[in-house]
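Chemist: Quick note: the sequence shown uses my numbering, first residue 1131, plus one each step.
Each hint should be verified, as a subset may be incorrect.
Under the rule of at most 25 Å between Cα atoms (straight-line distance), these lysine to aspartate or glutamate pairs were calculated in the DMTMM-like manner [said to hold, decoys possible]:
id : residue 1 : residue 2
1  : Lys1781   : Glu1402
2  : Lys1781   : Asp1738
3  : Lys1359   : Glu1340
4  : Lys1546   : Glu1503
5  : Lys1781   : Glu1810
6  : Lys1422   : Glu1392
7  : Lys1591   : Glu1645
8  : Lys1227   : Asp1182
9  : Lys1443   : Glu1405
10 : Lys1655   : Glu1645
11 : Lys1444   : Glu1405
12 : Lys1336   : Glu1314
13 : Lys1779   : Asp1707
14 : Lys1618   : Asp1217
15 : Lys1474   : Asp1348
16 : Lys1395   : Asp1349
17 : Lys1595   : Asp1671
18 : Lys1474   : Glu1490
19 : Lys1395   : Asp1182
20 : Lys1532   : Glu1556
Since the hints were derived computationally from the structure, they do not count as laboratory data.
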Amino acid sequence: MSRPSELHKAAATDLATLLPITEENKQKAFDLMEKLGYTKQQKEEATTTSDDPFKSHVGIYKPEVKDGKKYYHRDILLKDRWSYFADVQSIPPKSDKKRIVLLGESVTRGFLLDPEYTPAIVLDQLLNSNKDKFGYELVDLAETNLGMAGIKERYTQCMDLEPDMVIFLAGNNWREDLLIEIGESQDKQEALQERIQGEEGIAVAKPLIETYFSSIVDDFLAYVGDISKEKNVPVAFAIPEFNLLDCRSTPGERVVSELPYEKLKTWIEAKESAENHLASGDIDICISEAKKMVEIDPSHPYGFELLADCSIKKEAYKEARYYLEMARDTALFCRTNSKPRTFKIVQETILAKAGNHGIEVIDLPAIFKAHLEGKVPGRDLFLDYCHFSVTGIQVAMNAVYKVVLEQFNDTRSLHKDVTTIVPSNEVLALGHLFAAIHNAHWGQSYDILLHHCSESLSKWKDIAKTMVYYCDMISRGAANNVCKSLEKILEDNTKLDRYVHALVPARNMKNMELELVDAMTTVLKSNGVDITNYLLKIRLDEHNIKNRRINLLQNYYHATSYDEYQGQKTAFLQARDTSSDFFFVTDAKSNAELCISLRIPRIINENDEQVTVCVNDTEVTKIGVNSKWQTYTIKVPSEALQNGMNVCKIKWPLVATTKEDQDNNSSTAILDAAFRVFGEICNMTVSGM
1131 MSRPSELHKA
1141 AATDLATLLP
1151 ITEENKQKAF
1161 DLMEKLGYTK
1171 QQKEEATTTS
1181 DDPFKSHVGI
1191 YKPEVKDGKK
1201 YYHRDILLKD
1211 RWSYFADVQS
1221 IPPKSDKKRI
1231 VLLGESVTRG
1241 FLLDPEYTPA
1251 IVLDQLLNSN
1261 KDKFGYELVD
1271 LAETNLGMAG
1281 IKERYTQCMD
1291 LEPDMVIFLA
1301 GNNWREDLLI
1311 EIGESQDKQE
1321 ALQERIQGEE
1331 GIAVAKPLIE
1341 TYFSSIVDDF
1351 LAYVGDISKE
1361 KNVPVAFAIP
1371 EFNLLDCRST
1381 PGERVVSELP
1391 YEKLKTWIEA
1401 KESAENHLAS
1411 GDIDICISEA
1421 KKMVEIDPSH
1431 PYGFELLADC
1441 SIKKEAYKEA
1451 RYYLEMARDT
1461 ALFCRTNSKP
1471 RTFKIVQETI
1481 LAKAGNHGIE
1491 VIDLPAIFKA
1501 HLEGKVPGRD
1511 LFLDYCHFSV
1521 TGIQVAMNAV
1531 YKVVLEQFND
1541 TRSLHKDVTT
1551 IVPSNEVLAL
1561 GHLFAAIHNA
1571 HWGQSYDILL
1581 HHCSESLSKW
1591 KDIAKTMVYY
1601 CDMISRGAAN
1611 NVCKSLEKIL
1621 EDNTKLDRYV
1631 HALVPARNMK
1641 NMELELVDAM
1651 TTVLKSNGVD
1661 ITNYLLKIRL
1671 DEHNIKNRRI
1681 NLLQNYYHAT
1691 SYDEYQGQKT
1701 AFLQARDTSS
1711 DFFFVTDAKS
1721 NAELCISLRI
1731 PRIINENDEQ
1741 VTVCVNDTEV
1751 TKIGVNSKWQ
1761 TYTIKVPSEA
1771 LQNGMNVCKI
1781 KWPLVATTKE
1791 DQDNNSSTAI
1801 LDAAFRVFGE
1811 ICNMTVSGM
């Protein structure tokens, strides 16, 4: 699976905006698809293959014949991709050992622990710990960010390595293949648009979406099976699992569906009631309210997550798993460029169809469930949404190990204890630190960020310096790559080539990462390093509204994660939830002035609607709003402010609006029609007085 690189996220976003693909944008779309690991259409391949300098490569590895034997070495022309592969310089010629090729995405890469500790390293040690019969050699061809088409290509390429067995651990990145499939078919797009025209919202399209998805997965399995039979190379497919317990929906994944007014009103009331009753311990009432939410809008993850929380409190883990799987699968509706995952329909299709194509299945969700004695998988097996922890790698590879032994009738009497194969504390510390950063970038809770920061510092005290530098860097308004603190981070950690992209957000995407900084600050303080005043000074120097006007519509002052709405991009902020938060810094010694221009589009009946403006949970004022742009200047008294970080919250009223007209020529028409806009802001600034 993948944690998408910034380049791949940008390419995927650009590609999504081109859908549906037309004659006019075809070439640009194909260029973007190639960046994501896809190949051009067959008719174009015929004219270019002979000129392809990489046609004989296996991934980044270039063949070289020496003394009649074929070696593969990393190609210097592909150096920019080396960090996405195993840290292996060369692949030797086939020997008398059983050659196992491992294919997959960043889960298979061991992302966050790679290159020192990976699934391939663990599997290799298991297989070669006792050589009663013969030895094994592992060829690790997993590549971070690889999509389905890229894995098919790598599978075809790897046959040149003469494998005795191929093992897949893949499926987390396949939603992009689904989107391309839909984007290339006008019939599929029209069928989806027709489904969501009614009052039930986008949720009614799920069966159709899953049908499309199942079809491309079955086609993939057929492709793999055909080559397996042709080459007489057995194949096993390990199905990935998701961090159901600890990875929850982001604010972007909770944008509200476009529903009829009364349904939407009931859904919002049920949501607020469920939250209040869960907080007060009234579990049964929370369950009742959350069930209203999922009945009205089963495309939204939050109702399912609330039901799961209640089930866990009751130790009803079977029900909790069901609800969390339902929440996970709402990413099919593409509210954002969601975290990679393997959907239920993908898992079920592999389980049902792989055998028909001669592929053995390793059901990791079932294996993890047995390991946890029925409990829901969480931080014990995962570092983030789908990347394995040390224990996760151990359990998964132990299962793969048994399948390999069975395949080759290896009846060895002694087996290495997989739990003895562990990384160094330094590797663990860096893994947990970047898990904290990665989870923060994907909008996860303070609790999980604090957990990983604590684990990191407990494993290696020297990581404290990196945390300080990170907090320094992210608290400054400048791009990270021009901050001195980034240079210090890289100087102190020479093994970060695989993760440096996580330290450099895409242009203009940087945000304050407030909860991550708070988590790091808390952990550092508990270990005798208090940087509270140090960070306060940086923030005041960089962002104090005194004598300056801050544009709160800049990403830095309102975003809390790096996932993005996948519909039409506008020149103004569109609020797709009932409230919008903005952050600013002041010394609280004087009043503040807030200027805002806002509206609610497509109001049916223009009444005296009002927006509530709060600062630090204190109501400052109410202002009128209608379908035309209105501008207000609001005085915020110093007593409502606090020294340091302040939060301005805009609470939007719920009003009846007309549906936005669908532009069938727009690549985002389906999404734009599916999700609610509560309000729009074209200007919002704050300054000291």
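Chemist: Are the hints correct? Go through all of them and say.
Modeler: Structure-based check of all given hints:
At most 25 Å may separate the alpha-carbon atoms for a hinted pair to count; Lys1781 and Glu1402 meet this at roughly 14 Å. Annotation: proposed proximity of Lys1781 to Asp1738 holds, straight-line Cα distance about 15 Å (limit 25 Å). Taking the CA atoms of Lys1359 and Glu1340, the gap is near 28 Å; set against the 25 Å cutoff, the hint is violated. Only pairs whose Cα atoms come within 25 Å are accepted, and Lys1546 paired with Glu1503 is accepted, the gap being roughly 23 Å.
Taking the CA atoms of Lys1781 and Glu1810, the gap is about 12 Å. The hint holds against a cut of 25 Å. A threshold of 25 Å between alpha carbons decides the hint, and for Lys1422 with Glu1392 the separation of about 13 Å falls inside it, so the pair holds. For a cut-off of 25 Å, the pair hint linking Lys1591 to Glu1645 stands: about 21 Å separates their Cα positions. The suggested pairing of Lys1227 with Asp1182 is violated, with an alpha-carbon distance near 32 Å, which exceeds 25 Å.
At roughly 15 Å between alpha-carbon atoms, Lys1443 and Glu1405 fall within 25 Å of each other, so this suggested pair holds. For the suggested pair Lys1655 and Glu1645, the alpha carbons sit about 15 Å apart, so the restraint of at most 25 Å is met. This hinted pair checks out: Lys1444 and Glu1405 have alpha carbons roughly 17 Å apart, not beyond 25 Å. The straight-line distance between the Cα atoms of Lys1336 and Glu1314 is roughly 19 Å, inside the 25 Å bound, and the hint therefore holds.
Our distance criterion of 25 Å between C-alpha atoms is met by Lys1779 and Asp1707, whose separation comes to about 12 Å. About 24 Å separates the Cα atoms of Lys1618 and Asp1217, which keeps this hinted pair within 25 Å; it holds. For the given pair, Lys1474 sits about 14 Å from Asp1348 by alpha-carbon distance, which is consistent with the 25 Å threshold. Between Lys1395 and Asp1349, the direct Cα distance comes to roughly 43 Å. Violation of the 25 Å bound is thereby established for this hinted pair.
Distance check on the hinted pair: Lys1595 and Asp1671 sit about 22 Å apart at the alpha-carbon level, within 25 Å; holds. Among the hinted pairs, Lys1474 with Glu1490 is consistent with the structure: their alpha-carbon atoms are about 18 Å apart, no more than 25 Å. Among the hinted pairs, Lys1395 with Asp1182 is inconsistent with the structure: their alpha-carbon atoms are about 58 Å apart, more than 25 Å. Between Lys1532 and Glu1556, the direct Cα distance comes to roughly 30 Å. Violation of the 25 Å bound is thereby established for this hinted pair.
When the structure is compared with the earlier hints, violations turn up for hints 3, 8, 16, 19 and 20 and for no others.
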